[in-house]
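A.B. asks: Just so you know, we're using our numbering here: the sequence shown kicks off at 122 and counts up by one.
Read the hints as simulated data drawn from the structure, not as lab findings. Yeah, the Cβ is synthetic: ideal placement off N, Cα and C, and Gly gets one too. There may be inaccurate statements among the hints.
[Said to hold, decoys possible] What follows is a list of derived Cβ distance ranges for each label pair:
1) Ser124 with Leu185: 18 to 28 Å
2) Asp234 with Ile177: 17 to 27 Å
3) Ile180 with Tyr217: 18 to 28 Å
[Said to hold, decoys possible] Pairs of lysine-lysine, BS3-like flavour, derived with a Cα cap of 25 Å:
4) Lys246 with Lys154
5) Lys211 with Lys171
6) Lys240 with Lys154
7) Lys198 with Lys136
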Amino acid sequence: FKSIKNELLTVLSGKIISIEHVGSTSVEGLCAKPIIDIDIVIDKNFEEVKGLLESIGYIYEGDLGIHGREAFRYINKPHLMIHHLYVCNKDNEELYRHITFRDYLRNHKKERDTYGEIKKKMALKYH
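Sequences and hints are given; from them, build the entire structure.
C.D. replies: Listed below in structure tokens is the structure:
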């Protein structure tokens, strides 16, 4: 996460509120696929941030069905771990859900472990 964040900050520093590591890889001890989920938090300057991300090789994909969570992909960044990148306004409900769930699992080991077991069972059942 730190390497990706540092690369993003080369163009986004001073233009965003924060870069949040969310999803399963952001919770120590939780089983996860080797894909990092990242939310870039902004305050109503999406077009500017979109242009800056495009300048370093990210491609805008729209909201992919989740209003207010704008997705970006990349083609050639072999020096970085595989990641999903989203830009969210600071008041976005999806952003709030990501951060709240992450923080809850970080602070509640028993629930984190239970959730991890459910994830494993579902992976076996549906993959």
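A.B. asks: Going through the earlier hints one by one, which of them does the structure break, listed in rising order?
C.D. replies: 2
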